[in-house]
Amino acid sequence: MAQINFYNLRQESEGDRALFACRLAEKALSLGHRVCLFAGSEARARDVDSLLWSFSTTSFIPHDILLGDKPSTERVCIAAESLPKNCDDVVINLSSDALADFDHIARVNEIIIQEPSALEQARTRFRHYQQAGTRPEMIKL
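Residues in the sequence shown are numbered from 444 upward in steps of one, following my numbering.
The reader is advised that the hints may include incorrect statements.
[What the hints assert, rightly or not] Below are the BS3-like pairs computed for lysine-lysine, each with C-alpha atoms no more than 25 Å apart in a straight line:
#1 470 to 583
#2 528 to 470
#3 513 to 528
Hint data in this document are derived by calculation from the structure and do not stem from the laboratory. All of these numbers come straight from a predicted model, not from anything done at the bench.
Whenever a hint applies, use it, and build me the whole structure from the sequences.
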């Protein structure tokens with residue numbers, strides 16, 4: 444069963460959420476994991492792609508952008524609208540919806556910002572994972 448982590452940020456902007464996702468991906472990669480940032484849309488995938496190029500002045504994360512469901516050849520990928528078949532280690536969900544099919548994934552990371560509509564979406568995702576039989580962990584930052 445997947446481990447579900449909700450990272451509760453103090454910030455309110457989507458930009459802060461995306462920046463934290465890049466840092467989380469960098470940390471997971473440094474620990475030897477394969478990482479998929481699930482964007483939920485092509486526009487958000489392109490934004491995350493740009494951020495991965497520039498979020499750190501001291502490092503770079505090699506990555507693929509996947510616009511279909513083909514598997515990634517890199518250890519980090521950004522999936523626009525569907526998760527690739529080989530995405531089974533760490534998924535960082537940047538979409539507003541919970542992952543529907545996550546049984547085959549080792550760890551799902553959700554990031555919460557303090558904007559009212561984003562908070563409501565996070566509550567819905569939390570309930571979804573609970574109803575699926577998992578025990579999501581809340582991590583306050």
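*Between residue 528 and residue 470, is the straight-line Cα distance small enough, at 25 Å or below?*
Given pair residue 528, residue 470 holds - Cα atoms ~23 Å apart, limit 25 Å.
*Pair hint residue 513 and residue 528, alpha-carbon separation not exceeding 25 Å*: Given pair residue 513, residue 528 holds - Cα atoms ~7 Å apart, limit 25 Å.
*Are the Cα positions of residue 470 and residue 583 separated by 25 Å at most?*
holds (17 Å)
Checked against the numbered hints given earlier, the structure satisfies every one of them.
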